[in-house]
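Number of protein chains: 2
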Amino acid sequence: MMNENKDYVKEITNIEEDFAKWYTDIVIKADLADYTDTKGCIAIKPYGYAIWENIQKYTDEKFKNSGVKNLYMPLLIPENLLEKEKSHVEGFAPEVAWVTRGGGEELDEKLCIRPTSETMFSTMYSKWLKSWRDLPFVYNQWCNVLRWEKETRPFLRSREFLWQEGHTIHETAEEAEKRTMQMLDIYQEVIEELLAIPVLKGRKTEKEKFAGAEATYTVETLMHDGRALQAGTSHYFGQNFTKPFNIKFQNKDGKEEYAYQTSWGISTRLIGAVIMAHGDNRGLKLPPKVAPIQVVIVPVALHKEGVREKAQELYSKLNLKFRVELDVREQYSNGYRFNDWEMRGVPIRLEIGPRDIENNQAVLVRRDTGEKITVSIETISENINQLLDNIQKNMYNECVKRNKEKTSIAVNLDEFIRIINEKQGYIKTMWCGSEECENKIKELTGAHSRCIPFKKEHISNSCIVCGKPANTMVVWGRQY
Amino acid sequence: MMNENKDYVKEITNIEEDFAKWYTDIVIKADLADYTDTKGCIAIKPYGYAIWENIQKYTDEKFKNSGVKNLYMPLLIPENLLEKEKSHVEGFAPEVAWVTRGGGEELDEKLCIRPTSETMFSTMYSKWLKSWRDLPFVYNQWCNVLRWEKETRPFLRSREFLWQEGHTIHETAEEAEKRTMQMLDIYQEVIEELLAIPVLKGRKTEKEKFAGAEATYTVETLMHDGRALQAGTSHYFGQNFTKPFNIKFQNKDGKEEYAYQTSWGISTRLIGAVIMAHGDNRGLKLPPKVAPIQVVIVPVALHKEGVREKAQELYSKLNLKFRVELDVREQYSNGYRFNDWEMRGVPIRLEIGPRDIENNQAVLVRRDTGEKITVSIETISENINQLLDNIQKNMYNECVKRNKEKTSIAVNLDEFIRIINEKQGYIKTMWCGSEECENKIKELTGAHSRCIPFKKEHISNSCIVCGKPANTMVVWGRQY
Numbered sequence: 006m007m008n009e010n011k012d013y014v015k016e017i018t019n020i021e022e023d024f025a026k027w028y029t030d031i032v033i034k035a036d037l038a039d040y041t042d043t044k045g046c047i048a049i050k051p052y053g054y055a056i057w058e059n060i061q062k063y064t065d066e067k068f069k070n071s072g073v074k075n076l077y078m079p080l081l082i083p084e085n086l087l088e089k090e091k092s093h094v095e096g097f098a099p100e101v102a103w104v105t106r107g108g109g110e111e112l113d114e115k116l117c118i119r120p121t122s123e124t125m126f127s128t129m130y131s132k133w134l135k136s137w138r139d140l141p142f143v144y145n146q147w148c149n150v151l152r153w154e155k156e157t158r159p160f161l162r163s164r165e166f167l168w169q170e171g172h173t174i175h176e177t178a179e180e181a182e183k184r185t186m187q188m189l190d191i192y193q194e195v196i197e198e199l200l201a202i203p204v205l206k207g208r209k210t211e212k213e214k215f216a217g218a219e220a221t222y223t224v225e226t227l228m229h230d231g232r233a234l235q236a237g238t239s240h241y242f243g244q245n246f247t248k249p250f251n252i253k254f255q256n257k258d259g260k261e262e263y264a265y266q267t268s269w270g271i272s273t274r275l276i277g278a279v280i281m282a283h284g285d286n287r288g289l290k291l292p293p294k295v296a297p298i299q300v301v302i303v304p305v306a307l308h309k310e311g312v313r314e315k316a317q318e319l320y321s322k323l324n325l326k327f328r329v330e331l332d333v334r335e336q337y338s339n340g341y342r343f344n345d346w347e348m349r350g351v352p353i354r355l356e357i358g359p360r361d362i363e364n365n366q367a368v369l370v371r372r373d374t375g376e377k378i379t380v381s382i383e384t385i386s387e388n389i390n391q392l393l394d395n396i397q398k399n400m401y402n403e404c405v406k407r408n409k410e411k412t413s414i415a416v417n418l419d420e421f422i423r424i425i426n427e428k429q430g431y432i433k434t435m436w437c438g439s440e441e442c443e444n445k446i447k448e449l450t451g452a453h454s455r456c457i458p459f460k461k462e463h464i465s466n467s468c469i470v471c472g473k474p475a476n477t478m479v480v481w482g483r484q485y
Numbered sequence: 006m007m008n009e010n011k012d013y014v015k016e017i018t019n020i021e022e023d024f025a026k027w028y029t030d031i032v033i034k035a036d037l038a039d040y041t042d043t044k045g046c047i048a049i050k051p052y053g054y055a056i057w058e059n060i061q062k063y064t065d066e067k068f069k070n071s072g073v074k075n076l077y078m079p080l081l082i083p084e085n086l087l088e089k090e091k092s093h094v095e096g097f098a099p100e101v102a103w104v105t106r107g108g109g110e111e112l113d114e115k116l117c118i119r120p121t122s123e124t125m126f127s128t129m130y131s132k133w134l135k136s137w138r139d140l141p142f143v144y145n146q147w148c149n150v151l152r153w154e155k156e157t158r159p160f161l162r163s164r165e166f167l168w169q170e171g172h173t174i175h176e177t178a179e180e181a182e183k184r185t186m187q188m189l190d191i192y193q194e195v196i197e198e199l200l201a202i203p204v205l206k207g208r209k210t211e212k213e214k215f216a217g218a219e220a221t222y223t224v225e226t227l228m229h230d231g232r233a234l235q236a237g238t239s240h241y242f243g244q245n246f247t248k249p250f251n252i253k254f255q256n257k258d259g260k261e262e263y264a265y266q267t268s269w270g271i272s273t274r275l276i277g278a279v280i281m282a283h284g285d286n287r288g289l290k291l292p293p294k295v296a297p298i299q300v301v302i303v304p305v306a307l308h309k310e311g312v313r314e315k316a317q318e319l320y321s322k323l324n325l326k327f328r329v330e331l332d333v334r335e336q337y338s339n340g341y342r343f344n345d346w347e348m349r350g351v352p353i354r355l356e357i358g359p360r361d362i363e364n365n366q367a368v369l370v371r372r373d374t375g376e377k378i379t380v381s382i383e384t385i386s387e388n389i390n391q392l393l394d395n396i397q398k399n400m401y402n403e404c405v406k407r408n409k410e411k412t413s414i415a416v417n418l419d420e421f422i423r424i425i426n427e428k429q430g431y432i433k434t435m436w437c438g439s440e441e442c443e444n445k446i447k448e449l450t451g452a453h454s455r456c457i458p459f460k461k462e463h464i465s466n467s468c469i470v471c472g473k474p475a476n477t478m479v480v481w482g483r484q485y
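Keeping their order, the protein sequence lines are chains Z and D.
Mapping of the first sequence onto the numbering used here: position 64 corresponds to residue 69, and the numbering continues sequentially without gaps.
Mapping of the second sequence onto the numbering used here: position 344 corresponds to residue 349, and the numbering continues sequentially without gaps.
If we strip away everything but chain Z, and leave its shape as in the complex, we get (with noise of 0.2 Å):
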């Protein structure tokens, strides 16, 4: 099977070799996605839109058991809107994208298209909050939003993304930091349980935060190559945006008191983010959970009598219990199928042929081992439930082995530097907390501080930079 498909095989850029030409083969080739005539901007195809919505699926049970209602906002915002809040306009005008006429006629005021909804969330808020018995306002969006970015990538950076942005108000600081570490929570879970992706949990430098606010909490992820991709982000605002957009309740005690805020959203990164986390060589590779086909049945043999029969028997079957395709296209080898669901990375591939028809039996191979396992016609049903789920819990743990080795200890900046030559991955250092040292490590070695983890550790007496005395833990790397 490996000699006859080499060509087929080919056509993907050796993982090792070029990793970036290796991931946008993936994107192309395993029809997640395609380049479109509107610069920046991807067409999301039925194979890779099938991945979010699974994403989706997952995500939004999570957020609805927590109390989350979702509603929907304008794309666009008027200017006077976004020039509200100071650092988040200076955060983000530079990057929005500007309706400037409609309806056949130039705009009194120009609309900027959404890069993220605050601003839009906070003028209703106050336009909708008036008691403390209406707190706490746990509002989400599904939709579309758009960043004019200079160098974009599928899905890891496209002016267009889909993600949800979570927004809330609270009657208190503490319920709205509780809220913020909720959110993070269920990204964790969103990111660990359907994704098979390990997260490292912290805070945002003062640096790395989201533009306006107080605290940005994250959960980082380590792709292949050793490089970060910052998975979700979850922003406790305190009244940063509730005092200018005068976002206000009547209190228990009859006094009129500001809000306090959050907000929270992950993205069609995670797509890339999986890509990126499991990929090799033979392609894509998807977590059972996430994955829009779980078996393909890939019947070889197929004029041979009653083969065509068997396996839409077995469709039939297995398709009520898992995500089932089926495929008879006569027109291609055994091993060009073999290898195109490789490349789209379907969990198993169950193979039936005359001899197996025979021996009531049939052949599952595992995308993540390459295993094979015969197993009996009577018993497959639960033989795939289990294999499934032993291919989920092997890949996380395929990730966590993988982050274990490319988590790194630095005491200074010579050893920084050879490790993130050498390997990439994860760097813990000491940190005085100044942006000083933060800018240095960045200009010296491309890395930026990914978080200072919730899981603290002492490594040593002194910043790596600046060698100041220092408290905090840092985790860098180069990103996504």
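Honestly, the hints are just simulated from the structure, not real lab data.
This list has only true hints and no planted wrong ones.
Remember, identical chains collapse to one label, so a pair may be satisfied in a single copy or spanning two.
In silico DSSO-like cross-links for lysine-lysine, where the CA-CA straight-line distance does not exceed 27 Å:
{"id": "1", "residue 1": "74", "residue 2": "326"}
{"id": "2", "residue 1": "322", "residue 2": "74"}
{"id": "3", "residue 1": "445", "residue 2": "473"}
{"id": "4", "residue 1": "62", "residue 2": "322"}
{"id": "5", "residue 1": "294", "residue 2": "67"}
{"id": "6", "residue 1": "214", "residue 2": "445"}
{"id": "7", "residue 1": "447", "residue 2": "214"}
{"id": "8", "residue 1": "214", "residue 2": "183"}
{"id": "9", "residue 1": "322", "residue 2": "67"}
{"id": "10", "residue 1": "135", "residue 2": "34"}
Use these hints to put chain D onto chain Z, whose structure you have.
For chain D alone, kept in the frame of chain Z given last:
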């Protein structure tokens, strides 16, 4: 109960006095949507959005069962793409919004925000399609679109709205035509089964068809005031787009051929249809299947021992089977709470007080008829289940009845004018097929042709306008 709450109910404009004002009262006071600082664009509030989520879920399942796959195309369409199909650009260019600046710079080519995405889908389809083996493409996206309307009304005509747009290409004209009808049938199911609104199915006249379509088919609905609302459309394009967009494939004989195309859509307009088809002077009236809250439990005498506990117990039990809300707002009177939930259109109000608890019973109040039914706690789940079913059917039947009352036949123009001014509704006439006669009716009466119904009827032998021989029966009506 009726007396104590007169004040509250008075806040809604009388439905017979000013239907337009009644409508916006409901939108705002039932918390469905609100006006925003972005002119012509609304914020869809959680209660309104939950209706849309229910419509989406119901429709999307039917789509997927019929072989539809979801994907996502860019929001922004370069000007040159929009211009490729002549009658399409003529139809849409006047009402688009243009992005002319991005990332701090003027753009070389302006980008329009999609008013609909035929041009984007066609461009990608031309890239993706190679062989007859690839066909059909049966793809859909749930997304936002923008049309720069001069006069807007929440849900009915909003500059930005949410919808689904399906776009398919096929090997043959027959297959494409079949898909056009199949999707129209699905719309009928969604609107009749889920929204309890009967539809009139037919073909749009040439004048009323979609810009660029060969034929447009429609599901029309009739509102409380006798005006019609186009609730969904399905278009057959033939090769009108596949030729200018070069969507070709190699057919089974190895020859190049242009594909055949369709598109179809329903939108958040349907929320407007639900309001206007079912609502009354007490407010919104939601069909149980689409209602975000199917049963609201309103305990009376909350301060009495055991009431709150019993209500909570009932909530926990019923919430497993139905969408239930528990109202324990002690700051409001019973009457206020009763009316509040009636205004929000919740199909069943469940009242429970100390005497009910003593007798192991509860009172169910129907929103559609006002009927009160005392039931035993033992059988309450089955009672509610049955009642929701009855309400759904009754609401549908009420609309069927009104449609009959408000459907007339006219054999001359005087009669037509008299009917449209007296009771509006659907008016059936014969029509010669000329756009001139169609325009004449619009000028004289403000009515548009709704459609040429699939169910043919022969009313007379001559066109109602010009008197020439006529074989075509058309249904007319003033519209939203």
